[in-house]
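Asks: Same order as they appear, the protein sequences are chains A and B. So our numbering is basically just the index in the first sequence, starting at one, shifted up by 417. So our numbering is basically just the index in the second sequence, starting at one, shifted up by 154.
Treat each hint with caution, since some may be false.
Below, a list of computed lysine to aspartate or glutamate pairs in the EDC-like style, where the Cα atoms sit at most 20 angstroms apart [as the list claims (entries may be wrong)]: (1) B:Lys204 <-> A:Glu874; (2) B:Lys385 <-> A:Asp717; (3) B:Lys279 <-> B:Glu459; (4) B:Lys488 <-> A:Glu726; (5) B:Lys302 <-> A:Asp536; (6) B:Lys191 <-> A:Glu725; (7) B:Lys191 <-> A:Asp536; (8) B:Lys199 <-> B:Asp188; (9) B:Lys199 <-> A:Glu874; (10) B:Lys383 <-> A:Asp717.
Since the hints were derived computationally from the structure, they do not count as laboratory data.
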Amino acid sequence: MLARRALWLPSAALLAAGLVAPLLRVLAEGAGGFDLALLLDPYLGWRVAWSLIQATVTCALALVFGLPLAWALARFDFPLRAFVLRALMLPFVMPTLVAAIGVLALFGPHGVTGLNLQDTPWLLLYGNLFYNLPLVVRAGVDGFAAVPASQLAAARTLGASRLRAFWRVEWPLVRPWLASALCLVFVYCFAGFGLALLLGGQRYATVEVEIYTLVAYELNFADAGLLALLNLVVSFAVALAYAWRERTLAVALKVERLAPQKPRTLAERLALAAALSTLLFTSFAPLAAVAASGLSAGWDVWRGLWSEEGRLAAFNTLRFTALATLCAGLFGVAHALAARRSLVWRAAANLPFIVSPVCVAFGLLLLYPAYAASLPLLLAAYVLLAYPFVAKSLAAALDAEPPELARAARTLGASPWRAFRRVRWPLLRPALSRGLAFAAATAVGEFAVTLFLSRPEWLTLTTWIYQLLGRPGSANLAAAQALATVLMALSLVAFWLIERQTDHARTR
Amino acid sequence: MSLLRRLLPPLLVACAAFGVQAAELRLITHSSFDLPKPLIADFEKRAGVKLVVVKAGDAGEMLNKLILTRANPIADVVYGIDNTLAAKAVRAGVIEAAPSARTAHTLPGGLAAIDYGVVTLNIDKAWFARHKKALPKTLAELATPAYKDLVVVPNPATSSPGLAFLVATVDALGEEGAFAWWARLRDNGVKVAKGWSEAYYTDFSRNGGARPIVVSYATSPAAEVFYAKEKPAAPPTATLALPGGSFLQVEGAAPVAGGREPAAAKAFVAWLQGAPVQKALQTTMWMYPAVPGTPLDPVFRHAPEPAGVKPVDAGRIDANAPRWVARWTRVVLKGGR
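The following block holds chain A by itself, in its conformation from the complex (with noise of 0.2 angstroms):
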């Protein structure tokens, strides 16, 4: 018993010395230099105001864009299903910046598709569809999946035609995972300098650029610290309000899950085919044009990629990525376990994604010094930003889980163990792997790269392209191309190594 009180105590420490701290250190650095006015200039509050809408704007356009592939994907069973919901997840590893070379190759001046679409509005939502889809669609397609079988077909069989059926049936179990990974998306893009920033030019800006200006260049943490407490007091009241309806929300599952079927009918190919194309535009066509850019890179930038260089990069992302994942996986399970609970806990999940990234940056250089250009804390600072990921994903297969089996386990003479094993980790474990992927997709992105100390030896595939890019140069834009199709490519073993366990579960 006491073991489980103190579960909390891991993530809780991670989060007060890698987060708290640092806020409350920048926060201090500009005590006395509070200026409150700063909020109500007109600027600011526009700034403000777009923030909150177009993080509004993607949630809604995920939702309607991700709800009907979700659950195509998770009624229709075709070849490569697992192949796509793996890759689904690689827009996240992707370095935004190369993402954007990626979608100005279709839809740019110069694009293939022949239309231009740079500088509308029509790139801004189509980059955060990019970025914010996979998240969607995954956590749909796992609650799709656990629509319970019998409970389906007897409202078929009592006569409810298919859309009303998913009305009454499907739509109030998928709910809460739908909610789970709109409440990320939103605190993502409420934060974000994104894909979509990119595209749009600084026109587009978020409050979050305005906070590394004044960080970072002008050393004015005490506007710095208001706006970044403007902007976690947002998002955290959007993160409170999701906590307490995801409970609300909770719907025990039953065990016997519905597991994909070939498409029979007519319709059933048709839609099959809707999904994969729309998710062929949003999401892999931009993959695709720089992994076909990278591919047909040449001779000479491939053989320049083999480098001390690149062998060094290839080494630290493969290492970084595997202890970082490992730490997350470890902190988030207890977090989960720790947020069945606690209200404000379960918000808490969300930390990682609220403060700003600047101001932690700048806190833990004043908290730390002696550590700043250490690998530790350039480590802790990967799994902070990916521990949430498991800690979501897991507390809201914990709020599905049936407690009846359990006991129901235990009453039959398992041991707690046996009843764990065989009863309530294959119900857990999808959940689990698929946080579990989602934290070593942000660990090999750039998340906690750029604003961190870093040093020549800890060079990884994505700092490295990075560095490609701070130079001109048509060789230096085809070796980060190529670079980027390695990242592809070694993510998608890297998915396929933490789901592996998942698909044989489902089709057994």
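With the hints as your guide, set chain B onto chain A.
Replies: Using the frame of chain A, we list chain B on its own:
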């Protein structure tokens, strides 16, 4: 002192040879720092220290990290403080003077000049040939309808070349004149990107974008030749050094005040001014060597230095830069005056 300095490196080497662990010299620098590994190994051997390179982001971000940690310095020597930041570094007391060789340009506060570059506009030659458009001859012309929607600049609030270009315009046109020009440029559809990489790779028409005029460096056309997949005879881009549109950027190095290895830090600064580094930095960091008489790499024939670009007073930049950036944001991004 000089005897000690001459004796110290061999002494340190001797210590290392006897199994005493070599001391560490911590270098803090910006993300563009890049020198060949064998050169660095050679320095380590001669100075008897292990060089630990710490990259702290963009130059402005790097200096601020150094200022924040001055009570407990995170480095012993710094490279990459340029003339937009030099006076601020001196004012904050984070650097110490180091003996410097004679250089083409100098920096205040005992910063030893290592290299210099010219931030200036670059054009996509093919675009101008294809559209049969004449090149603008003045900054004023750039803000006329003939060049509508053709320019992309990095945000001075988040990018060093962006700030350099802004300072150049203020120096040439005067503060009021410069911001009136920026307002016209805004109405003429200038696009603002977050940093140089974003501007060059997603907005410049040579790469993914539609705009044939970008803020970059005078050495960029040479780099385009050097890093071309198939070596062209002439670069695909060219500099467009409009009067008042170029900024002379001088980068320097100095020991960090309160650093642990002052002797090795000075040796490092001297090494940066030595012939091997002065030669190597041209094609790794794409800057001109600061020490006169250094032979230029053949590819630099594609990087002629724009004539008549004078350095802007470092003290003036320090005193005004935050205000200029704030006003720039107000004029260009907020649509004010």
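Asks: Could you run down the list of hints and mark each one as holding or not?
Replies: To see whether the hints hold, each was checked on the structure:
Of the supplied pair hints, the one linking B:Lys204 and A:Glu874 holds, its CA atoms being roughly 13 angstroms apart against a limit of 20 angstroms. Among the hinted pairs, B:Lys385 with A:Asp717 is consistent with the structure: their alpha-carbon atoms are about 12 angstroms apart, no more than 20 angstroms. The hinted pair formed by B:Lys279 and B:Glu459 meets the criterion: a straight-line CA distance of about 18 angstroms does not exceed 20 angstroms. About 43 angstroms separates the Cα atoms of B:Lys488 and A:Glu726, which puts this hinted pair outside 20 angstroms; it is violated.
Distance hint between B:Lys302 and A:Asp536 is fulfilled; the C-alpha atoms sit about 14 angstroms from each other, no more than 20 angstroms. Simply put, B:Lys191 and A:Glu725 have alpha-carbon atoms about 11 angstroms apart, close enough for the 20 angstroms limit, and the pair holds. Distance restraint check for B:Lys191 and A:Asp536: the Cα-Cα separation of roughly 42 angstroms exceeds the 20 angstroms cut-off, and the hinted pair is therefore not satisfied. Taking the CA atoms of B:Lys199 and B:Asp188, the gap is about 19 angstroms. The hint holds against a cut of 20 angstroms.
Taking the CA atoms of B:Lys199 and A:Glu874, the gap is about 19 angstroms. The hint holds against a cut of 20 angstroms. The hinted pair formed by B:Lys383 and A:Asp717 meets the criterion: a straight-line CA distance of about 8 angstroms does not exceed 20 angstroms.
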